[in-house]
Amino acid sequence: MQVFRAYFKVMRASAGTIAIYVAIFLGLSVAFSLAEAPQESAGFAQTRTSIAVINRDGDAPLAQGLAGYLADTSTVVPYPDDPEKLQDALFFRNVEYIAIIPAGFSADFASGRDCAVQKVIVPGSISSRYVDMRIDKYLSTARLRRQYGGDQSEEQLVAAVGADLAQETPVAVLPSSATNGAAQGFVFYYRYFAYAVLATIMMGVSSIMMAFNKPDLLRRNLCAPIPARSRSLQLAAGHTVFALGCWSVLVLFSFVLYGRSLLSSGLVWLYCLNTLAFTVVSASIGFLIGGSVKSVGAQAGAVNVIANGMSFMCGVFVPQSILSKQVLDFGRFLPAYWYVRANDAISALYRPIASALRPIYGDMLIQLGFAAAIFATALLLAKERQAE
Amino acid sequence: MFMHLFSYRLKCLARDREVVFWTLIFPLILATMFYFAFDQLMGRQETFSPVRAAVVASDAYRQNIAFRQALGAISEPGEGQLIELTVTDDEREALRLLEDGAVAGVITVGDSVGLTVGQSGIEQSILKAVLDEYSHRYATVTGILRESPAIAGELIRELGQRRSYTKQISFSSAEPDTALNFFYALIAMTCLYGGFWGLRNTTDMQADLSPQGARRSAAPTHKLGVVLYDLAAALTISLAEVMVLLAYLMLVLRVSFGNESWYVLLTSLVGCIAGVSLGAFIGTYVRKSEGAKTGILIGTSMTMSFLAGLMIDTMKDMIARKAPVLSYINPAALITDAFYSLYIFESHRRFFLNIGLLLLISSSMCILSFLRLRRDRYASL
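Protein sequence lines, in the order shown, are assigned to chains A and B.
Be aware that the first sequence starts at 144, since it is given in the numbering used here, and climbs by one per residue.
Be aware that the second sequence starts at 129, since it is given in the numbering used here, and climbs by one per residue.
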């Protein structure tokens, strides 16, 4: 067991770097989960667009009514009437729509003159149509009420419009999926999981392999009385323990952060299987790097480029649904693509039924296939080096 | 004298391949990744595809002509199509479609109109909004007709007319493209990575840290001269790297920086000054091993870039609103904001505020590290 013990002595040397990766990932996860609004109710929650409403028409009842209606149906983020601040807000998508009710709007509307609410939007966005729809609805209802509703004061008119628009379509949610849905925090957690597990395991496994592959050390070990097979097996055992350790820390933390919602989704075991498959992939890549690079600098470079590169091209950092087809076609040749694909499929499941699970198992097997191929390449390289 | 020291310093630095990788190649790789990842987000219009829904053809549905017409109008293929409708015979079949994910929601018509969905989301919300619109219209029309039934014909004609009550305006000609901030933050990161050169300079200058430092401390050249020439060399190489990155971003990836190239150059120069000074500052004040110094430099520049939005696009704005002080003292945020102001604002007020603050921060770091170096005296070399 000397090799196995030496494994963890070497590991202690690079523990700091590995801990940094894990700490950054966990820190970000906590930040994300805190930023996320708690979704306690199992009912239907209407999507609310974030908007800014600038009312330059003051106390006019119609302008107030419209602003109030928008506040009821969207999330109004308070902003002062300052173009620079509003531009910031739109650029960073704090609001997706800025509605400006111009001065004299209510009076113009009452006398039937042409008038419009000014809007500043992200061109062509879906959410802006959603808000357009609401403003048009409010004002066209007001127009009908004014034209045909007989004599009434502005306040009565606004009240009548409000009553008309208070109707709500009842929405029922399928019971089996009440806790599910792509918006759950743990879905993001398990997507970013790929980056964390890849970076930490690559770093750890490659550090060990580099240490054991140092020419002098390797030669000394080769003439040691321990059989080569036993040494390799002990190293493999070390890699397994280390990889499983990283994996379980990350999985355990997901329980700490999302325990109840994660357990009630009934999909934990699928997430675990998928991450386990990717853990094997990460170990294989670390194994390959450890056998190919010589300096610590080159190792850090390789780990960063591979972890970031795969995460960007395969949909870890940016969802696959947003990536272009060309990038996805390229991503297919990388294991992380299949991890994210399986992860997305798991999060979209209503219930784990056999027909829906088959493609997910397929994606996991492909990952294991990648891992096998990478291990084989690394072993081949090691063999050639030994022959030198 | 200047040319001699300067050119040898330049050669010395440029041969450090590892630092060249982190300060030049790594940003180029990241830029390429950003480009591919945000390809779909940049400068392209979001597209809307109709929401798939099923409706149960109950007796109530068949008899409700107004509702069927309303649904028909919005599910007709073409520009204004909001939903893609599947009509099913019974509720079981519709619910099966929902469970399989073939539709986002099931519309049921009984005494009133209802909706069944599998989860909350934008598609489901659009479905609900469409159904709400119908019931709102229904409420308005019945309300008016209850008071004056005679105008039914006129009212129905009026209902057919749709008017838009919104008019699009814009504050400036620049489109608000969130993906740009990633690239701006990346340049900021590259500028701050110039700190590696500043750090290297201080190591090669202090007699207790490197043999080169010992040799150079014994040389008769004035310390201030050496510091300034080294600084110039580090700045030159760091600026050259940022220029390569900028050229790659502008010419190959076609990232927009507005139309004022000179101001872009000025920002890069000031950014590099900030980076090199940061490195020099850490190199003189942190009394630890070289590895620890490099770690601290990477940690600081990464944290600064993170707060400027390198990883999360909304981070910079969030900091600016929640903890504004941070965005005035964070060099990465200042660099990013300088590029952003150039792109989006017509006036240069905010741009020059950023540049001024950057220069202030850099010069204080430089002065502090020179004060420290100046007092170095060695009992024995």
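Any given hint could be a false lead.
As the list claims (entries may be wrong) - Which stretches of chain B does chain A cover? Using the computed rule of at least three CB atoms under 8 Å from a CB of chain A, they are: (1) 248 to 259; (2) 323 to 331; (3) 471 to 485.
Unchecked claim - Within a straight-line C-alpha distance of at most 25 Å, the following computed SDA-like cross-link-like pairs (lysine to any residue) qualify: (4) K295/B <-> G238/B; (5) K351/B <-> K450/B; (6) K295/B <-> A214/A; (7) K357/A <-> F147/A; (8) K450/B <-> Q230/A; (9) K468/A <-> I426/B; (10) K139/B <-> D257/A; (11) K351/B <-> V372/B; (12) K228/A <-> P205/B; (13) K437/A <-> E227/A; (14) K437/A <-> G484/B; (15) K526/A <-> A515/A; (16) K357/A <-> E146/B; (17) K437/A <-> L152/B; (18) K416/B <-> R502/B; (19) K139/B <-> A280/B; (20) K295/B <-> D257/A; (21) K450/B <-> F168/A; (22) K295/B <-> F168/A; (23) K228/A <-> F385/B; (24) K450/B <-> G484/B; (25) K228/A <-> G211/A; (26) K450/B <-> R191/A; (27) K450/B <-> S193/A; (28) K262/A <-> R190/B; (29) K416/B <-> I167/A; (30) K295/B <-> E297/A; (31) K437/A <-> I157/B; (32) K295/B <-> G255/A; (33) K468/A <-> K437/A; (34) K450/B <-> E227/A; (35) K351/B <-> A257/B; (36) K437/A <-> R145/B; (37) K416/B <-> G484/B; (38) K295/B <-> D279/A.
Just so you know, the hints here were simulated from the structure itself, not pulled from any lab data.
Think of the CB as a built atom: it goes at the ideal place given N, C-alpha and C, for glycine as much as any other residue.
Which of the numbered hints are not met once you compare them with the structure shown?
Numbers 2, 4, 5, 9, 10, 11, 12, 13, 14, 19, 22, 28, 33, 35 and 37, in rising order.
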